[in-house]
Every structure is written in structure tokens, then in C-alpha cells.
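Visitor: So the chains spell out like this:
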Amino acid sequence: MRKMTKALLGATTALTISAAVPTVSQAAELTLCWAAWDPANALVELSKDFTAQSGTEMKFEFVPWPNFADRILNELNAGGKLCDLLIGDSQWLGGSAENGYYVKLNDFFDKEGIKMSDFAQAAVNAYSTWPKGTPNYWALPAMGDANAWFYRKDWFAKPEIQAEFKAATGRDLAPPTTWPELLETAKFFNGKDIDGKKVYGAAIFTERASEGITMGATQALYANGFKYEVTPGKYDMEGAVNSADAVKGLEEYKELYKCCTPPGYTDAYMGETLDAFKSGQAAMAMNWFAFFPGLVKDENVGGDKIGFFNNPKGTTSASTLGGQGISVVANTDNMDGALAYIKWFAQPDVQKKWWSLGGYAVHNAVLNDPSFKDSQPFAADFLVAMNQVQDFWQEPSYAILLQAAQKRLHDYVVADKGTAKEALDGLVKDWTEVFEDDGKL
Amino acid sequence: MAARFKGRAAVSRPVAFSSLLVMPVTDTDTTLLDKAAEKAVRATPVPLAYRVRGLSDRSIAWLFIMPTIVLLLAINIFPLIWAVYLSFTNFRANRPNAEIDGVGLTNYQRVLTDPDIWQAMQTTAHFVFWTILLQMLIGFALAYLIDRKFRGHAFWTTVILIPMMLSPAVVGNFWRFLYQPQIGLFNYVYSFFTGVEPSSFEMLGSVTLSPWAIIIVDTWMWTPYVMLICLAGLRSIPDYIYEAAEVDRASAWRQFWSITVPMALPFIMLAVLFRAIENFKMFDMVVLLTGGGPGSTTEVASITLKREAFESWRTGRASAFAIILFVAVFGLANIYVKALNKVKQR
Chain A
36 MRKMTKALLG ATTALTISAA VPTVSQAAEL TLCWAAWDPA NALVELSKDF TAQSGTEMKF
96 EFVPWPNFAD RILNELNAGG KLCDLLIGDS QWLGGSAENG YYVKLNDFFD KEGIKMSDFA
156 QAAVNAYSTW PKGTPNYWAL PAMGDANAWF YRKDWFAKPE IQAEFKAATG RDLAPPTTWP
216 ELLETAKFFN GKDIDGKKVY GAAIFTERAS EGITMGATQA LYANGFKYEV TPGKYDMEGA
276 VNSADAVKGL EEYKELYKCC TPPGYTDAYM GETLDAFKSG QAAMAMNWFA FFPGLVKDEN
336 VGGDKIGFFN NPKGTTSAST LGGQGISVVA NTDNMDGALA YIKWFAQPDV QKKWWSLGGY
396 AVHNAVLNDP SFKDSQPFAA DFLVAMNQVQ DFWQEPSYAI LLQAAQKRLH DYVVADKGTA
456 KEALDGLVKD WTEVFEDDGK L
Chain B
4 MAARFKGRAA VSRPVAFSSL LVMPVTDTDT TLLDKAAEKA VRATPVPLAY RVRGLSDRSI
64 AWLFIMPTIV LLLAINIFPL IWAVYLSFTN FRANRPNAEI DGVGLTNYQR VLTDPDIWQA
124 MQTTAHFVFW TILLQMLIGF ALAYLIDRKF RGHAFWTTVI LIPMMLSPAV VGNFWRFLYQ
184 PQIGLFNYVY SFFTGVEPSS FEMLGSVTLS PWAIIIVDTW MWTPYVMLIC LAGLRSIPDY
244 IYEAAEVDRA SAWRQFWSIT VPMALPFIML AVLFRAIENF KMFDMVVLLT GGGPGSTTEV
304 ASITLKREAF ESWRTGRASA FAIILFVAVF GLANIYVKAL NKVKQR
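Line order of the protein sequences matches chains A and B.
Sequential numbering of the first sequence, starting at 36, is according to our numbering.
Sequential numbering of the second sequence, starting at 4, is according to our numbering.
Simulated from the structure, these hints should not be mistaken for laboratory data.
Every residue gets a Cβ at the ideal spot worked out from N, C-alpha and C, and that includes glycine.
Treat the hints with caution; some may be incorrect.
[Claimed, not checked] Calculated cross-link-like contacts (lysine-lysine; reagent style DSBU-like; alpha-carbon spacing at most 35 Å): (1) A/K452 - B/K309; (2) A/K452 - A/K348; (3) A/K464 - B/K284; (4) B/K341 - A/K456; (5) B/K42 - A/K289; (6) B/K309 - A/K475; (7) B/K309 - A/K262; (8) A/K293 - B/K284.
[What the hints assert, rightly or not] Label-pair restraints from in silico Cβ distances: (9) A/N366 - B/G105: 25 to 31 Å; (10) A/E195 - B/M167: 53 to 59 Å; (11) A/T86 - B/G105: 49 to 55 Å; (12) B/A40 - A/E96: 51 to 57 Å; (13) B/V264 - A/S314: 21 to 27 Å; (14) A/K94 - B/A235: 28 to 34 Å; (15) A/E195 - B/E200: 24 to 30 Å.
Turn these sequences into a full structure, and let the hints guide you.
Guide: Listed below in C-alpha cells is the structure:
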């Protein structure tokens, strides 16, 4: 019996020790959560330097975009410990700050000498602050991004197409600078036979489930002077969200969808837009800057065949904001390691390498570098876009606000339900109810 | 026969568990099952027998079913009661720090007066009605044909059953490709027979066609299930009834309406019940095919509920909606089961 007791004790001790060993090694590990897309691969490459310097092993949890919000917000709401670091959407800031999901970084920035003035002001406001524009930092700007356009430069350069366009419109064929020009150009290309293949005018965002159609339609809305409030901070949406200019913008977006998108384009977001362009179906397409490095490298449509342009003007110049900041998840077991990663990531040299690998750094050391504009064919456009970006609501109730927008916009643009004015009036009604529930109205 | 009953009564008589250990097996009429039970009792360790000594059969029965009841309470009953509670509050699962306030019947009032919810209910009703109608007609017709026992009927039965063996996720993706207006086989087949340009219509993107697109897929997938149930019904009809009808010179048409349909009706009604409940909560396949779109054209109630609960995070309102759906399905199913029982008793 005594022998058996000893054996049991020995086995228990061995088990305890073996269980403790992984715990020790886990402390030198960090899990970073983000969306699964091109820049994420660049970050994996970049983070190898951090591992080499700190000895901390980096693990990554990348979730495809359509499920990204669902998956990660569920994780945060459930108090999960999957992520130590999170590169979350800008719209999540309000909720994550107020619910205590993110660590407030002000003291850490002060202690480590990390200055927000070293980053582009628009990016700091969009990706780091809550309440928006106040010096309360919940993230470090990690990935600048905006919605922009690309086109088949080789098709635009064909003399016969140029001549035909000139005869049809009376102007030279060039990347559109206004929404009416965009519509005109898209209509010109739509249904045309190029290189023996029928092509279509433009591939745009129409996705229903997550955020697609909102991110696409706001390109037309913002450019036409759409505002969320008459007086910022007052939630007085009547006359701003459903203004005559906003109605015009939404009508233009629907016109573009109806006239010029490829068949079966009723539920398209990033992947579908890229597919339509890469397969030679679309003359123009919208997407996030994040994908542009990959497009330039594409064997079929990249290199000299592709050109880029910013969102065309309406009554004003504006672009829909993308991009994210990197935050420390409050219930991480490795707070020191997570903060060390933020400190490392904020360094100018790391930011420069981040840009060179395909990430969109918004550190002034990168953006103000004289060689930046020529470093990529879309770099100059990126600088312009980041100075005219507008973001969706960042309120804690952003998810409800976004769902309402998705429904109203998709119902009008894709399902032909009602008019643009009715869609935007409906949006004001939905959003008013949300803010009333939140006690803000 | 009397001795047989006597023997069974002896074995099933309520006796203390431990007393079975010492009870000799002397009844020569004991079945194999009884012998196995006796063997198990003999094999039970003595300490256990001591521990349970004094417990009645009822207590032992409770002991055995307790884990199941606990699981049922934890997984079904508690969440139901909790959802009822939440439906009267403003709780949001993504606001752990926010105060939870009672809002009375506000959530129910908002759900019941929300035109979008009623639209989703109409979409669900349209989907359920047409899928069941088509599946019953085609399923019964197939079962009737298979029941003729033609050459190779077993092979064709297996072939017909394949769709229902697939995962809804696979079926959703598979049909999404089939419906692609540019590369999809469905459009090409339609084009082949009608001469219409394949990319001129969109099954999943059209407001008119998309509700039918999901009905077609569900019918394709679940008609075999209905066929199986109907086939069981048809095969349960004794041949002598048809023989008697033949003797009375009843026509095939008369036999079908007076014998086949009435006698298979309980099975058909059962199939309707199963399919109706299943399609009322349809989610996965529609999400994969249309995501509820275009707009909200194919947004069935379960998608609305999911969006309310896990995208908008209005947990209180979503709970109220879930309770309303539960009561509706439960109530309708009960009425239907009563009707089914009446049919069976005829």
C-alpha cells in the first residue's frame, strides 16, 4: 500500500511539473488577432523581428472579414482569452472602451515616450481615440486604410477605345475625378467587347451580411456631402443623413450598381470585387488600399496594366475610412508582453519596414519621407485619401447602427425597395430609436 | 402461455435490488434476456449492493434518470426560463457593464409592431408553405413509384436519398455555384431549353426569383426524406385490403383514394409536421445561398432573430422574438398533433 502511495505521489508530482512547463512557456507567447487578408501576412513577417528581439513567440488568429466582427466581438463579450493583442475595426473603439475590453494606453504612452503627434492626425482620431478626437487613447494606429478605386490602365490606353470614348462623351478618357464622370466611364465600358471578352463597367461593394454595402455606398454619400449629424455630437440626424445631397449620392450609387456591375453581383465585398477585376471582367473597381500591393503584383492585371485613383468628388472630396488600430485586450495574461509589442511596433524603423512589407503605416516618419509618394504607384493617392477620410459611427451601439444601414441600403440599392429618400428617412428613424434607447436622445 | 406470463410477472415483480443477488434462478421459462439481467445482478459488486440497500425501486429509477433530467434542465429548461426573463429587460450581451432594467412588455410590443419582423414572418410562411407542398407532392409520388417494386428500385431509392445525406453547408455552397449567372449549370440548363441568355437572370440576386431559388434547393434536398416516410406508410398497408378491393372490382383510382391515401395519411401528416418544424427554423442553407438577400427578400425569421441577437446585440428584444416564435411553433405543433391523433384513431 505504501509503495502504491509513493508511486501515486510520484506520478502526481511528474504531472504537476509537466503541466507547469507549458505554463512557463506560454508566458513568453502572444496571440494577435486580426482579419485574414494580405496585410496580415505582412504582419506575420514583420513580427519575426519582434520575436528575434524579445524572445516572445508570436501566434496569430486571423479571421476572414465577413466573420471577423462576429467572431472577435463574441470573444470579447464572452470575456475570452484568445487574444492578447487585437487589431480591431475603428468602429469597435466606443464599445470596447466603454465595456472595458481594451486597455487605456495614455499612461503607457507617456511612460514610454510614445507620442501620438508622431502619427497622422486623421489616423489617430479614427483608430485610437474614444470619445472621438479626445486625447483618450485605446489603440496605436496600426493600419491606415481607405476605400479607393483601381482601373484597367491598359484598356484606358488603347487608342481605339480612347477615340470611341471621345466621340461618345466629348472628353478624353482618363480616370474619373467626379461621380458623374465615374458613371459615364462605367457606362461606356459596360457591355463592351475587349480582347474578345465582354466586360463590365465597375465592381463595387454590395454585400449584405456584414458591412459591405455600407462601406461602398458611403463613398457616394460622403462625396455628396452626407453627414451623420447637423451638429456634431448632438445626434440631430434629420436633415443631415437624409439631406438632398445624400439622396443624390445614394441614387448615384444605385445607378452605378444597376448599370454597370457584372451579373450576379448582388452580394459582393472585397473578395468578389478583386475576383471581378482579376478575371478581366471589370474596367474599374473599388476596394481598400490594403489590397493594392497584391494587385500591383498580380500577373494578369498588375504592373503596367493597373492604375489607381481616389474616390471621385461629388460636392466635396471624401473617402470611406478603413483601417485599424492595435489594442491590448484587457484580460490578457501577458500584459507586459502585449505592451512591449506595442512599444516595439511604434518605432519609426519598424513602421518603415511595415510599409515596405505591404502594411499601411501612418507614422509621420513614413508618410513624410520624400520618397514615400514614389514608393508605390498608389502611395500618393493614399496620402490624399487619409486626409479626407470619414468614418461610420464609432458609438458603442455601432453594431445596431451598422445593421440598420446594411438593411436600408441593400433594400434600396439591390432589392429596389422604395426610393433613396425613403431609405435614408428609414435610416434616420432606425438610428433615432437606437440613440433613444441609449439615452442619448 | 399462462406459465409464460407467470414467469415474467415473477421477474418484473418489485423487489429490493440487493435481494436479487440471493434470489435463485429456478424458473425454467426464463428468457435469455432475463438470464442476462440475472448475470448482471450477480456481477454487481457487493459494496454497491450494500450502498443501495434500503432504496426503493422508484429511488433507484430516479437515480438513473437524474443525470438526464439535470442535463435537460441545464440545456433546455434553464435557458428557456432565462430567455423569458431577458425578454422583459433591456439586457445586451455586448454591454456587460450596463445596468439591466426591466422594460415590461416593451420588447414584445416592439417585436409585434415591427414591420420588418412581420415581413420576415411572411417570408418564412411562404418558404414553409411551398417547400412542404412541393415536397409532399413529389415525395409521395416518388414513394408511390418506388413502392411498385420495379427492376432496380433499390438502386434508385439509394440514388434519390443522396441529397438528404449531404450537409446543408455543402448543399448551400454547391447550389450557390449552380445558380451563378455566368458559370452556373442551372442557368445553362435553363438556357438550353428556353434559349434565354444564361446571364440574363439571377436566381439568387433577383427579388422575384430568390425566394423560389431557396425553395427549389430545400425541395431537392428534403423530398427524399418525405419519400422515405411515405414509403413506410405505403408499405404498412396490408396487401389483403387491396385484394379485397380487387374482388369488389374497385378501380385503381378508387383504390388509391379509398385505401392508399387514407391509410398513408398519418405518415404523410407526420412528414408534414417534421418538415414544417424544420423549415420554420431554417437558417443555414438560406444564409449560405442568399444571406437573406437581396435586401431582405429571403430573410426568414431565424435570420432576423440571429441578426437581432448576435449582430445588433439587442438580447432582450431578441429573447422576446424567440419566445414569440417558440409559442407559435409549440402551439401550432400541438394543434397539429391532436389532428394527427384523430386521423390515426379513424
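Visitor: Hint numbers the structure violates, sorted upward?
Guide: Per hint list: 4, 5, 13 and 14 violated.
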